Structure formats: structure tokens, C-alpha cells
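Novice: Please take these sequences and the hints and turn them into a complete structure.
Each chain, written out:
There are 2 protein chains.
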Amino acid sequence: MAKRNALYAQSGGVTAVINATACGVIETARKHRSRIGKVYAGRDGIIGVLTEDLIDTSKETPAAIRALRHTPGGAFGSCRYKLKGLEESRAQYERLLAVFEAHDIGYFLYNGGNDSADTTWKISQLAEKLGYPLACIGIPKTVDNDLVATDNCPGFGSVAKYVATSMRETGYDVASMARTSTKVFVLEVMGRHAGWITAACGVAAEKEGEAPHILLFPELAFDPEPFLGRVEAVVKAYGFCTVAVSEGLRDQDGKFLSESGVRDAFGHAQLGGVAPRIAALVRNRFGYRCHWAVADYLQRAARHIASKVDTQQAYAVGKAAVELAIKGRSAVMPIIVRKSNRPYRWAIGTAELKDIANREKMVPREFITDDGFHITARCRQYLAPLIVGEDPPPFKNGLPVYVKLRNVSVPKKLQSEFKI
Amino acid sequence: MAKRNALYAQSGGVTAVINATACGVIETARKHRSRIGKVYAGRDGIIGVLTEDLIDTSKETPAAIRALRHTPGGAFGSCRYKLKGLEESRAQYERLLAVFEAHDIGYFLYNGGNDSADTTWKISQLAEKLGYPLACIGIPKTVDNDLVATDNCPGFGSVAKYVATSMRETGYDVASMARTSTKVFVLEVMGRHAGWITAACGVAAEKEGEAPHILLFPELAFDPEPFLGRVEAVVKAYGFCTVAVSEGLRDQDGKFLSESGVRDAFGHAQLGGVAPRIAALVRNRFGYRCHWAVADYLQRAARHIASKVDTQQAYAVGKAAVELAIKGRSAVMPIIVRKSNRPYRWAIGTAELKDIANREKMVPREFITDDGFHITARCRQYLAPLIVGEDPPPFKNGLPVYVKLRNVSVPKKLQSEFKI
Numbered sequence: 010m011a012k013r014n015a016l017y018a019q020s021g022g023v024t025a026v027i028n029a030t031a032c033g034v035i036e037t038a039r040k041h042r043s044r045i046g047k048v049y050a051g052r053d054g055i056i057g058v059l060t061e062d063l064i065d066t067s068k069e070t071p072a073a074i075r076a077l078r079h080t081p082g083g084a085f086g087s088c089r090y091k092l093k094g095l096e097e098s099r100a101q102y103e104r105l106l107a108v109f110e111a112h113d114i115g116y117f118l119y120n121g122g123n124d125s126a127d128t129t130w131k132i133s134q135l136a137e138k139l140g141y142p143l144a145c146i147g148i149p150k151t152v153d154n155d156l157v158a159t160d161n162c163p164g165f166g167s168v169a170k171y172v173a174t175s176m177r178e179t180g181y182d183v184a185s186m187a188r189t190s191t192k193v194f195v196l197e198v199m200g201r202h203a204g205w206i207t208a209a210c211g212v213a214a215e216k217e218g219e220a221p222h223i224l225l226f227p228e229l230a231f232d233p234e235p236f237l238g239r240v241e242a243v244v245k246a247y248g249f250c251t252v253a254v255s256e257g258l259r260d261q262d263g264k265f266l267s268e269s270g271v272r273d274a275f276g277h278a279q280l281g282g283v284a285p286r287i288a289a290l291v292r293n294r295f296g297y298r299c300h301w302a303v304a305d306y307l308q309r310a311a312r313h314i315a316s317k318v319d320t321q322q323a324y325a326v327g328k329a330a331v332e333l334a335i336k337g338r339s340a341v342m343p344i345i346v347r348k349s350n351r352p353y354r355w356a357i358g359t360a361e362l363k364d365i366a367n368r369e370k371m372v373p374r375e376f377i378t379d380d381g382f383h384i385t386a387r388c389r390q391y392l393a394p395l396i397v398g399e400d401p402p403p404f405k406n407g408l409p410v411y412v413k414l415r416n417v418s419v420p421k422k423l424q425s426e427f428k429i
Numbered sequence: 010m011a012k013r014n015a016l017y018a019q020s021g022g023v024t025a026v027i028n029a030t031a032c033g034v035i036e037t038a039r040k041h042r043s044r045i046g047k048v049y050a051g052r053d054g055i056i057g058v059l060t061e062d063l064i065d066t067s068k069e070t071p072a073a074i075r076a077l078r079h080t081p082g083g084a085f086g087s088c089r090y091k092l093k094g095l096e097e098s099r100a101q102y103e104r105l106l107a108v109f110e111a112h113d114i115g116y117f118l119y120n121g122g123n124d125s126a127d128t129t130w131k132i133s134q135l136a137e138k139l140g141y142p143l144a145c146i147g148i149p150k151t152v153d154n155d156l157v158a159t160d161n162c163p164g165f166g167s168v169a170k171y172v173a174t175s176m177r178e179t180g181y182d183v184a185s186m187a188r189t190s191t192k193v194f195v196l197e198v199m200g201r202h203a204g205w206i207t208a209a210c211g212v213a214a215e216k217e218g219e220a221p222h223i224l225l226f227p228e229l230a231f232d233p234e235p236f237l238g239r240v241e242a243v244v245k246a247y248g249f250c251t252v253a254v255s256e257g258l259r260d261q262d263g264k265f266l267s268e269s270g271v272r273d274a275f276g277h278a279q280l281g282g283v284a285p286r287i288a289a290l291v292r293n294r295f296g297y298r299c300h301w302a303v304a305d306y307l308q309r310a311a312r313h314i315a316s317k318v319d320t321q322q323a324y325a326v327g328k329a330a331v332e333l334a335i336k337g338r339s340a341v342m343p344i345i346v347r348k349s350n351r352p353y354r355w356a357i358g359t360a361e362l363k364d365i366a367n368r369e370k371m372v373p374r375e376f377i378t379d380d381g382f383h384i385t386a387r388c389r390q391y392l393a394p395l396i397v398g399e400d401p402p403p404f405k406n407g408l409p410v411y412v413k414l415r416n417v418s419v420p421k422k423l424q425s426e427f428k429i
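Taken in order, these protein sequences are the chains called C and E.
Just so we're aligned, residue 10 is where the first sequence starts under the numbering used here, counting upward by one.
Just so we're aligned, residue 10 is where the second sequence starts under the numbering used here, counting upward by one.
Everything labelled a hint here was simulated from the structure, so no lab data went into it.
Remember, it's a predicted structure, so these values are computed and weren't measured experimentally.
Worth double-checking, as some hints may not be accurate.
In silico DSS-like pairs for lysine-lysine, Cα to Cα no more than 30 Å straight-line [stated by the list, open to error]: (1) C:Lys12 <-> C:Lys336; (2) C:Lys421 <-> E:Lys245; (3) C:Lys348 <-> E:Lys405; (4) C:Lys317 <-> E:Lys405; (5) C:Lys138 <-> C:Lys428.
FRET-style restraints, in silico, Cβ to Cβ [unchecked claim]: (6) C:Gly263 <-> E:Pro420: 49 to 59 Å; (7) E:Ala230 <-> C:Leu237: 32 to 42 Å; (8) E:His41 <-> C:Glu375: 55 to 65 Å; (9) E:Arg387 <-> C:Asp364: 55 to 65 Å; (10) C:Gly248 <-> E:Ser67: 21 to 31 Å; (11) E:Lys405 <-> C:Gly218: 12 to 22 Å; (12) C:Glu96 <-> E:Asp379: 24 to 34 Å; (13) E:Pro420 <-> C:Ala356: 58 to 68 Å; (14) C:Asn293 <-> E:Asn293: 25 to 35 Å; (15) C:Pro403 <-> E:Pro420: 33 to 43 Å; (16) C:Glu375 <-> E:Ser67: 46 to 56 Å; (17) C:Arg389 <-> E:Gly248: 35 to 45 Å; (18) E:Gly238 <-> C:Lys264: 34 to 44 Å; (19) E:Glu369 <-> C:Pro403: 28 to 38 Å.
Glycine included, C-beta positions come from ideal geometry on N, C-alpha and C.
Specialist: Structure follows, in C-alpha cells:
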């Protein structure tokens, strides 16, 4: 088979380990030079592909590519830009194919969540219809851990480790001061619809009375009275109470507690600020001194406390994507398959993109305790292995050293410009 | 000299390394058994002393005491309880002396900020006046780094490392997404009056254009127009802008931007929530998508990313306090003295408590750039060594392992109870 170029793009919210996946893609492609020519990357994700703004990763040294493994954020840029159906977004899809053809792209590797799986799948359909030979591989990535088919999503384990560590640490802090100072502490974490990150906070509580004491899941409508009752009982029992709350917590009418009215490009409401509302609720009822934190991007950028299992899996799905592509597979995604819990063993499997596209995996009800405020033993068994192992970046002068790539542009070949 | 007991208490907001100081105190005292009998600790700080609720640290194993070195929070409990002048709070001071006498306390070691230095100094005066032999040693601790006399305060270096790391990491995240998503990110950090933690964020920006781009210090009245102008210029130049703001930011009238009306036991306003206000200001002016985070207790509890210099200094001041006490010194505090910058070398010195009590060290104007939005080279030279070195706690199952002490009570000897 002729040697053709590969195109890699990052999509949606970045993570602490999406660059580890990029590293897996590029290092693996460099080992298959007879099959893969250059690896290009879309600058700022799919927007860079549409506008023919491509990056030539062959201009990066092996050391720079290796450093991607420990660098957070998206090294080539990412974006929130959703392609709709093939008919609705026909101009976009045709443009993508035109760019692919101009740059002899034989492998398209799209690294994102369920929206991106949908886009990758549609591109594969169109390429097939037009007779353009293209291996379309989706690569899983999302801190939300909400992709179906895969046991878990690269990116999630590291956020999980960060939030569980933070809850444990603040638990020690608040416990020390509760007699005269803060009695209730609320940490707001990400997870718009699926409460996996909220659930992960719960892993820190290994014994009765340990932080966090209460979890508020987006899967369950928030009912203030049982919550306040639980806060009071916890404060009475332990002297303090720590709460982890999902940014996506909704009231009984399905309305986000933090609704700000702002929406992103996908039409999703832009959230933030449920923690201060929960803290105010508690303070107004009981007069307890409350503190709250909103971790926001800190949680998904915290490469310094990444899970080793997560960085290994992130790299592995990147490597597997290239291997699937050169085997001629298309419309598939490498996934994580759990082989056993004790010891935790995993392998890379494969799923069809059409089975992943536009679906969300919520925290199942049996992973949440009957009262709705914590995780069950079964949930803990699922989550525990995903945060295991430390894989710190190198430090210099007391700070982590992260790489900035040169990101050299590929000369344009098309005459036409494409407006985003 | 006769063998007498020591009493150690933690005061005010806890830190990631105050227990390293406790470790230094107890391990050192255990090496001087001919001079020091038991080391007692006040349960929940000075409140435990007033109520004769003491902890017998001799009941803890060497391994448990050693583990204090890597455990955040206050292992014996801390409190916000301010003693006023000797006349005004006469009953409290007399009670303290009664408890000391009942338990044959010859050494009082009080671990806190400038309020605690004041209390320790007053106790030393009273003891001297009453002819009660007592070595009163203050031990520095505060994330705010606002004690005078000492070059820096144990507790600060670790918060500094955490916030600088977080700003660097979120900078990589926001840069990746800025084209279509968040353009401006605001991180709120602690520091009510002194902007040392805000300044520490600035250490992450080693080159032009790196995060954080703008620092908002509590030392400088906030003026929206120059700030908004700077945000716009940074976004135009780099595509995104990251801001670190002190919780204590005030407007031109001296009012906290985040004023919530709640006050703590020291009469200080309880703050929180200036980041969302700054973000709203930017969004309303430019329409930029903004995100914000409030690190709150996460920053001062983050033992997992403690500065090694900080943990060493925290231990050293605890050790030095015991050594000063058995030398018969009183009304003093062991301090950090900077011997040189390159290489960074430090030693333990001694300062008089009366020179430290109730004074605050602000960030000097020459440490802030002329425009008021960043740190100068001189400030960077001061801050840089304080965050150097990693000293992670042990991890098990993916999470840091912290110690919970047994905290066995000392039998009471006084007949009278004392109401707080």
C-alpha cells in the first residue's frame, strides 16, 4: 500500500492527558514510516482542518513529542465546533474531504468525546460514498467519563485523582478548624450531565466520617430538605461536613441551580457557581460558617497529580488508533476494556463509532447509595483502579516543565478559503 | 534544671505544613528527655488550653509523629480565638497560667501568625510578673507570609507552589481552547491584606505572554478601566488572558469587592467570590467567554504539591523553638534568615515577639510593576527559592496517605471549668 499522510485533531474540552494520546499517535506513526508519511494536526482542532490551517508535526523533535506525554492542555489547540448531519452541514463535510485530498490524508484520527465520534463516523460514511480511501478513527477523550462502550475515558482518571485528593486534603483542613471556624465546606466539580467526577470525590472517604460526607449528583434532582437534614446530622456526628457538588446539579423542575443563561457553541448552558448557592443554603438554615471552592479548569489541567493508569491508557489509545488505521480499519474507536478488578488489568479493544456517537453514559443508580448522597461499594470498585499510580511531570525551579511545540504550518494547497 | 512539660498549640488558619512544625517540636523534645517531660498539645488550639482540654502526645508512636511531616491541616485542632490586652482579657490569661501550673508546663510553644505572637508575648510578660518560670516561644506559621522579621513564613512556600503550578497548568488549558471557547480565566487566591499569594502566582510566568498575565493585588485599589484595557491588550496579543486576583481586592473606596458582611472571631470580614465579579466585569464589557475558579482551602491544604524548602523550614522552626526553650529563651520566635539568593541558603535566626506582634508585612511597592499588574524581577528573586523542591507524601491506592493521631486526653487537674 502507498504511503499516505495522517491527520490528527483534538476536539472539545482538553484534559491533563490528551497530549499523552497525541504523543502515542505521533510516536507510533513515526515507527511506521513505510505506511504513514507525515502526521499533520489541525490547528485548533477541526477548525484548522476546515480552514486548511494544518500543523506539520514532523518539525518537532523526538524530545518535544516525548514531552507531550506529561503536558496538559491541547498542544495543537482544540475547539468547540460541532458538525451537524451530513445534509445540514454538507459544505463542512465536503470541505474536509477537499482538504484531505489536497494533503493526501489517508488516516483521520479525531480525539474527542461523543460529538467527535459522531463527526468521525459521518466523515467515514461520506468518504466511503465518494470512494475516497480514508481510515477514520475516533480516539476517546473526556474528563466526563461519559462515553459508552469503553470501560472508562482517558482524561477522567486524572481529574478523579485530583478531586479525590483535594477532598481528602480539605477534609483534614476543615476538621482542624471546625470548632470555631468553618463547619461546612463545598467543592464544586465538573460534569454537566454525568456525575462521574462527583462520584470520584467519594473515593477519598475510605472510612465512616471521612471527607467527603455528601455528594450531590447531577443524575438526581436536588431536594433541599433531605440534603439539609443530612448536613446537620453529619455536623452533629463529626463536627464538620464536606460536600462535593456537580456543576450540573438541577432542581426538581430540571433547572440548573447555577444557570447563568450563557450557552456555548454546542448549545450547552455555560455553568458555574452552584457551590456558593449550596453554601448559602446551609448558612441561611443553620448559621454554620461555610466555605466553598470552585475548581473549574484547575481540575482538568492538573497534570502534576495525574493518574499513572490514566496517562498509560491515554497513550495506549493513541498508539492503538494508529495501529487500527494502518490495518485499514475505519469508523472505529480504540476503547479500554477491563479484564479484572483485583489486580486491575485492562486491554485495548475496539468499538464501532456509530455505537458511541451522541450517547452519554450516566452514573448508574446502583452506583449511588439509596439516600442519594454517596457512592456504593460497587461504584468504588469501578473507580478505585482508575486513579492508581503517580506520574509526575519533570519539575524545574519548583514548577512543572511543560512543552510548547513549534507548531509549524503546512503550506496551503487549496485556492479557496473557508469561512467558519 | 528540673524536667518540666511542654505545651504546644496551633493557632489560626492551618497550612499544608503546620504539622511538619509539630513534628519538629515533638521529635526534638523527645531527644531532650532530661529537660522536657511530656509534650502536651492544646485540643483545638488555645481553646483547649483554656478549657484544660490537653492532648498527651507521648501516646503517639514515633511513626505517627513522623507522618505529621507530610500531613496537612492541624493534627491537634486549631482555632480562631483572639486574646486581647492583659487587662481586657485578664481572666483568660490567668486561666492559662493556672493550667500551666497544674500541668507543670515550663515551655509554651505557640504556632501561629501575628495575633498569636502577640498572645505569646503577653503570656510571657504575665508569667514574668507573677514569677512563674516559663519559656514562651512563638513559632511562625501563615500562608499569608505577612509576618515581619522573618524572611518568609512556613506555610507560604507550599501555597505559592500550588497557585503558581495551577496558573501554569490552566494557562496551557485556556490557550488551547481560546479560539472558540474561554478567552479569559480568573483564579481567586487567598491573602486578605497582603498580596504574597497573588504575587506567587506571577512566578509561573517566566516569559512574555505566559500565564498569569495580570495580577490584582490587595495592596492596590482596583480601578476597572486600566484593568479592562490590559485584558483587551493581552487577548489581542496572545488570544487569551489569565488573571490571578486576591480575595482581598478593594475598590477605590477601600471596600472589598467580595464583601459578604460575615465576620470571623477576629472581626475580619469573611471573604470569597471576587473572581466571579471580575469575570462578569470582563464579560459584560467585551463579551469574552470567561471562566473562574476559587481555590479556597484547596490551596492551603494541598500537601501533595508542597514545597520542599517549605517543609524543611516548617520542621526547622519547630525544632529551633524547642532548642530555644531549653536554652531558657522566652518571648522570642525562631525565624527564617536568608543568607544568599544564588544558591539559596537560609538559616534559623531569632526575633523578639514584641517586634512581630500585630504587625503585617505587605508586598512592597517595588515588588509590583509600575502598571500594578505583575511582579518585578526583585519580587521574583525573593519568591523563586521558596517553591523549590518536591516533597510528596506517600500514596496508597492512588491517594495521599495522611495520619490521624489518637489524640488521647490528659486527665484534668483543675476543679474549675472555664467557659469560652
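Novice: Work down the list of hints and note, for each, if the structure agrees.
Specialist: A quick look at each hint next to the structure:
no., hint, result
1, C:Lys12 <-> C:Lys336, "holds (13 Å)"
2, C:Lys421 <-> E:Lys245, "holds (25 Å)"
3, C:Lys348 <-> E:Lys405, "holds (22 Å)"
4, C:Lys317 <-> E:Lys405, "holds (13 Å)"
5, C:Lys138 <-> C:Lys428, "holds (25 Å)"
6, C:Gly263 <-> E:Pro420: 49 to 59 Å, "holds (58 Å)"
7, E:Ala230 <-> C:Leu237: 32 to 42 Å, "holds (40 Å)"
8, E:His41 <-> C:Glu375: 55 to 65 Å, "holds (57 Å)"
9, E:Arg387 <-> C:Asp364: 55 to 65 Å, "holds (60 Å)"
10, C:Gly248 <-> E:Ser67: 21 to 31 Å, "holds (25 Å)"
11, E:Lys405 <-> C:Gly218: 12 to 22 Å, "holds (19 Å)"
12, C:Glu96 <-> E:Asp379: 24 to 34 Å, "violated (58 Å)"
13, E:Pro420 <-> C:Ala356: 58 to 68 Å, "holds (60 Å)"
14, C:Asn293 <-> E:Asn293: 25 to 35 Å, "holds (28 Å)"
15, C:Pro403 <-> E:Pro420: 33 to 43 Å, "violated (53 Å)"
16, C:Glu375 <-> E:Ser67: 46 to 56 Å, "holds (48 Å)"
17, C:Arg389 <-> E:Gly248: 35 to 45 Å, "holds (42 Å)"
18, E:Gly238 <-> C:Lys264: 34 to 44 Å, "holds (37 Å)"
19, E:Glu369 <-> C:Pro403: 28 to 38 Å, "holds (37 Å)"
Hint check: violations occur at hints 12 and 15; the rest are consistent with the structure.
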